[in-house]
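Enquirer: Take 364 as the starting number for the sequence shown in this note's numbering and just add one per residue.
It is possible that some hints are incorrect.
[To be verified] Each pair of labels, with its calculated beta carbon distance range:
#1 L410 x P480: 28 to 34 Å
#2 E476 x W543: 21 to 27 Å
#3 L424 x S647: 31 to 37 Å
#4 F568 x G506: 47 to 53 Å
#5 S519 x S592: 35 to 41 Å
#6 S673 x L410: 40 to 46 Å
#7 L591 x W540: 33 to 39 Å
#8 S624 x L591: 48 to 54 Å
#9 A415 x N623: 31 to 37 Å
It is worth saying that the hints were derived from the structure and are not from the lab.
Idealized CB from N, CA, C, for every residue including glycine.
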Amino acid sequence: MTIDFKTPKTATEGARQQSRGPSEPEGAGQHALRLARMIPGPVVGLLAIFVALSFLSPYFLTSRNLLNLVSQVSDIGIMAVGACLVIIIGGIDLSVGSTVAFSLMVNAYLYKEAGLPFTVAVLIGLATGALVGLINGVLTTYGRIQAFVATLATMSAAAGLALYITNGNPITGFPDWYKWLTNGSILGIPVEGILLVAVYGAAAFWLRYRPSGRALYAIGGNEEVARLSGIKVRSLKIRVYVLAGFLAALGGLLVGSRLNSAQPSAGTGDLLDVIAVVVIGGASLAGGSGTMLGTFTGLLIIGTLNNGMSLLNVSPNLQPVIIGAAIIVAVLTDRKGIRTRSQ
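Take these sequences, add in the hints, and give me the full structure.
Expert: The structure is reproduced here in structure tokens:
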């Protein structure tokens with residue numbers, strides 16, 4: 364006698380099975396439709412923009428223009444990596460643009476006025492960005508100040524210090540190798556593009572394969588549950604803010620190299636672009652979600668729109684309107700896709 368331990372079907376399940384009839388293999392069309400629904404909205408939007416611009420401008424798909432596109436977004440892209448990490452843990456960093464200006468001016472001042480070797484000045488400039496991030500992290504964890512308020516304060520302080528260092532005057536005259544960061548190439552690929560991909564690759568590896576990286580999602584989802592699970596929430600949050608400040612300073616290096624000068628207002632207008640890149644990429648401002656692939660896609664959307672509108676001679680006054688509309692469409696499309704994939 365054989366006893367069957369399988370769970371019997373309920374009456375409802377049986378009725379559903381009878382109403383569906385015998386199972387039939389899924390058709391190729393249905394399978395393709397299901398796969399299409401699984402594609403994130405930002406990716407669909409990026410492909411649509413690429414196709415449209417390839418028809419509207421004969422110069423868009425040229426190798427020179429595509430390499431130029433990558434160079435144009437490299438500084439914003441590097442800053443967006445840090446912003447994405449902060450948003451994943453449920454925070455926000457409003458000081459990213461001011462950190463660019465402050466760290467860049469510290470770097471330039473130490474080189475031109477204090478007479479330090481440029482390499483040493485660069486390292487201190489990067490450490491300055493990390494210090495701003497450390498202050499943000501300490502204020503939000505041990506100080507228990509909301510991230511919006513804490514980073515708003517450091518944004519104001521960093522912007523003021525950037526102006527105070529040189530009394531609002533720009534600094535010029537840097538070594539030739541510094542300009543090579545944004546003018547040079549390796550095997551035909553811009554150096555800043557290689558740096559951009561390296562930063563995204565390292566961040567993606569950390570989020571996917573390292574326990575501390577995966578813990579960021581737990582912190583953003585429910586900080587108290589993460590703490591009770593044994594995750595060192597405070598120290599990890601501080602590390603994320605320090606990394607965000609460091610990456611902002613790294614983006615500032617590219618800004619200074621491209622301009623061949625240190626401007627006290629450099630980067631202060633990049634905050635909204637950085638946050639837009641992360642949000643378009645699918646990260647939630649509530650925390651707990653976001654990927655480097657999605658952020659990179661959002662970066663390409665912003666960069667492609669700016670590049671394409673310049674090629675089409677769209678008025679600079681109208682470009683922010685078009686980008687704002689694209690942000691809304693991308694976010695709404697992605698939300699619809701998330702609902703579809705969850706069914």
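Enquirer: Do the Cβ positions of F568 and G506 conform to the proposed distance bound of 47 to 53 Å?
Expert: violated, 31 Å
Enquirer: Kindly confirm whether 48 to 54 Å is satisfied by the beta carbon distance between S624 and L591.
Expert: holds, 51 Å
Enquirer: That 35 to 41 Å hint for S519 and S592 (C-beta), does it hold up?
Expert: Cβ of S519 to Cβ of S592: about 36 Å, so the range 35 to 41 Å holds.
Enquirer: Holds or violated: the 40 to 46 Å window for the beta-carbon distance between S673 and L410?
Expert: violated, 20 Å
Enquirer: Given a hint of 31 to 37 Å, does the C-beta separation of A415 and N623 actually sit inside it?
Expert: Holds, at about 35 Å.
Enquirer: Does the Cβ-Cβ separation between E476 and W543 fall within 21 to 27 Å?
Expert: Because 24 Å falls inside the window, the suggested range holds.
Enquirer: Return holds or violated for the Cβ distance of L410 and P480 against the range 28 to 34 Å.
Expert: violated, 47 Å
Enquirer: Between L591 and W540, is the Cβ distance one that fits in 33 to 39 Å?
Expert: violated, 50 Å
Enquirer: Mind checking the hinted window 31 to 37 Å against the Cβ distance between L424 and S647?
Expert: holds, 33 Å
Hint compliance for this structure: hints 1, 4, 6 and 7 are broken, all remaining hints hold.
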